[in-house]
Amino acid sequence: MNTTTKTIPLSQIAHARSGDKGNHSNIGVIAYTPEGFEYLRRELTTQRVTEHFAGLAPRRVVRYVLPNLWALNFVLYDVLGGGASQSLRIDTQGKLLSTAIGELLLSEPAELAAMIRPSTAPNS
Amino acid sequence: MAIHIGNGAGFLGDSLDAPRRLVESAELDYLTLEYLAELTLSILARSREKDASAGYAGDFLEVLASLTPALVRQPQLKIVTNAGGVNPAACVRRAAEVLAAAGLANERVALVTGDDLLGRLDELQAAGCKLAHLDTGVPLADLPEPVVSANAYLGAQPIAEALGQGARIVVTGRVADASLTLGPAVHEFGWAWDDWHRLAAASVAGHLIECGAQATGGFYPHWNDIDLADVGYPIAELEPDSSFVITKPGGSGGRVNRETVTEQLLYEIGDPAHYLTPDVDVDFTTLELSEQGPDRMAVRGATGRPATGTYKVSLAYKAGYMASSQLLVYGRDCQAKARACAAVIFERLRASGYTYPGSCVEMLGAGEAVPGMVSAPQDLREVMLRITVRHAHRDAVERFTREVAPLATAGPAGLAGYTAARGTVRPVFAYWPTLVPKELVPWQVEVQTADAWSAF
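Those protein sequences? They're chains Y and S, same order as listed.
Under numbering that gives the first Met the number 0, think of the first position of the first sequence as 0, with each following residue one higher.
Under numbering that gives the first Met the number 0, think of the first position of the second sequence as 0, with each following residue one higher.
I should point out that these hints are in silico values taken from the structure, not numbers from a laboratory.
All C-beta atoms, glycine included, are put in the ideal place defined by N, C-alpha and C.
Some hints could be false.
Claimed, not checked - Derived, one-sided and incomplete: chain S residues facing chain Y with beta-carbon distance under 7 Å:
(1) P220
(2) E262
(3) P271
(4) T284
(5) E361
(6) V369
(7) G371
(8) V427
(9) Y430
Said to hold, decoys possible - Below, a list of computed lysine-lysine pairs in the DSS-like style, where the Cα atoms sit at most 30 Å apart:
(10) K317/S with K129/S
(11) K20/Y with K317/S
(12) K437/S with K317/S
(13) K94/Y with K20/Y
(14) K437/S with K20/Y
(15) K437/S with K129/S
(16) K311/S with K49/S
(17) K94/Y with K336/S
(18) K20/Y with K311/S
(19) K317/S with K94/Y
(20) K437/S with K5/Y
(21) K311/S with K437/S
(22) K336/S with K20/Y
(23) K317/S with K49/S
(24) K20/Y with K49/S
(25) K129/S with K311/S
Using the sequences and the accompanying hints, generate a full structural model.
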């Protein structure tokens, strides 16, 4: 696949949901299309996610792949400042991380048109 | 024939009207109400310390009162809830009073117990169960702080047992969220407790609806596509073969589509091939989603493996106190000024002899809500300064909350919002996830009429 030097935010080709388990957070990243999923599977590596969230200093990041859902699940260990009850930050439960991961910049894929959210969402 | 299970509450503090609106706008066989997040039990345990008749989700009684007309009109409707918290017996008695007052005195109400391990910690450790922290491996015996609550996540079996004894309302303490849905499914369809694929499927359905509107358009990035004011809460239509459809009441707001359902599938999970509940080890990687018309998503293909031999235990201990104070800082120099305000506050506290092992200064609006994500824009005109501290002693935290407001007259120009400046001191509960062998945690089910319960 050819890529240009231009970049796109992840949010252009995927949506996400995040939450907490103790002091860990998981971020489910879901591609809008199968083409987008294949691109994310290649580009959205554990390393990219670790770098994007360097400010949270994750102890480790683990990636799980769900081709059946066009999704990747990232578990970020020890990023919540102690977890829901102990964290001193405003986002005690990692709820903002799903929006924040949308700002991760990816190389613009040549097949971008096949990856963006269909103009009419399913069922809308 | 399919059974329809709706969920009207995703946490303690969720909409009080949602359960009533759900049962009024859809004919449900079961309404589940989920009130217990990881640390809700420790908060409820604190209430029980102060008042032996407290410690359950009080919202449930108000919700139940709003549901009594529907319970009268809809004989098929049953309610399964973990509203019992750390005092399910008290919750059942109060719920029974609500039912009796509404002419439902003959309805059978079930009390599920056995999850509360707080009084059994010494006994369990004596039996060789170290209750080691799941992440660190440290045994509970090495924890110096006092434990506030300790509850095993029970499964669907006591719920199915209660329904089998004719209960119309089932009140539990800590059970796994997904089990609130699996219990009714097993009761209705008579599945075996080792029918792993079916148990897995209904657990997925339970996982999808457990957080209420988060499956139907809540917390959705495309919020501007939908009506959230009238968001419909989720319904799982389960077939005897364990396939199911996620939907919401006709005419309600929100959205059920591939996006909303997939987001909720991935919510708060670890390894998707091993979503562990007390009932089954679920594999999400074999699920197939398909659209079945507007606001209807069919889910098939769940696979399950045998459940583990342990229950997860949610244990919490006291870890000091904390408080958070906020001030609005205005002006072209707002960021520098906010930093200076925080420095002044901590300087004054130090001068009075107070330092804090845990503190956090955030400039909300300047991109600090997720640390390191964006650099602050240079042309900001205002930021919300948020300062949070933690300390082992309440008086130190109390003192902090009194040091913020004085900036009104003794700080720089351009500050406002003093009503939020004096934060509330609250106890901190730290979380200690652990495991306990299932054979050490017997559960009990007691079913009586509302009349009999309220006579207790």
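Structure-based check of all given hints:
Interface restraint check: P220/S against chain Y, minimum CB-CB distance 5 Å, threshold 7 Å, status holds. At its closest, the beta carbon of E262/S sits 4 Å from a beta carbon of chain Y; the interface hint therefore holds under the 7 Å criterion. A hinted interface residue such as P271/S counts as satisfied when its beta carbon comes closer than 7 Å to some beta carbon of chain Y; here the least separation is about 5 Å, so the hint holds. Interface hint at T284/S: satisfied, since its Cβ lies 6 Å from the closest Cβ of chain Y, which is below the 7 Å cut-off.
Among the interface hints, the one on E361/S holds; its C-beta lies about 6 Å from the nearest C-beta in chain Y, closer than the 7 Å criterion. Here the hint on V369/S is kept, as its CB sits about 5 Å from the closest CB of chain Y, short of 7 Å. Interface hint at G371/S: satisfied, since its Cβ lies 2 Å from the closest Cβ of chain Y, which is below the 7 Å cut-off. Among the interface hints, the one on V427/S holds; its C-beta lies about 6 Å from the nearest C-beta in chain Y, closer than the 7 Å criterion.
Because the smallest distance between the Cβ of Y430/S and any Cβ of chain Y comes to about 5 Å, under 7 Å, the interface hint for this residue holds. The suggested pairing of K317/S with K129/S holds, with an alpha-carbon distance near 19 Å, which does not exceed 30 Å. Under the criterion of a C-alpha separation no larger than 30 Å, the hint pairing K20/Y with K317/S is consistent with the structure, at around 19 Å. At most 30 Å may separate the alpha-carbon atoms for a hinted pair to count; K437/S and K317/S meet this at roughly 26 Å.
For a cut-off of 30 Å, the pair hint linking K94/Y to K20/Y stands: about 12 Å separates their Cα positions. Note on K437/S and K20/Y: the hinted pairing holds, with a Cα-Cα distance of about 22 Å set against a maximum of 30 Å. Pair hint K437/S plus K129/S holds up; C-alpha atoms about 14 Å apart against a cutoff of 30 Å. Straight-line distance between C-alpha atoms of K311/S and K49/S comes to about 27 Å, which keeps the hinted pair within the 30 Å bound.
For the hint linking K94/Y to K336/S, the alpha-carbon distance of about 29 Å falls within 30 Å, and the restraint holds. Between K20/Y and K311/S, the direct Cα distance comes to roughly 13 Å. Compliance with the 30 Å bound is thereby established for this hinted pair. Taking the CA atoms of K317/S and K94/Y, the gap is near 25 Å; set against the 30 Å cutoff, the hint holds. Using a Cα cut-off of 30 Å, the hinted pair K437/S and K5/Y is violated, with the two alpha carbons roughly 55 Å apart.
Of the supplied pair hints, the one linking K311/S and K437/S holds, its CA atoms being roughly 9 Å apart against a limit of 30 Å. Proximity of K336/S to K20/Y is assessed by CA-CA distance (about 36 Å); at most 30 Å being required, the pair is judged violated. For a cut-off of 30 Å, the pair hint linking K317/S to K49/S stands: about 15 Å separates their Cα positions. Restraint check for K20/Y and K49/S: satisfied, since their Cα atoms lie roughly 28 Å apart, inside the 30 Å limit.
For the suggested pair K129/S and K311/S, the alpha carbons sit about 13 Å apart, so the restraint of at most 30 Å is met.
Checked against the numbered hints above, the structure violates hints 20, 22; every other hint is satisfied.
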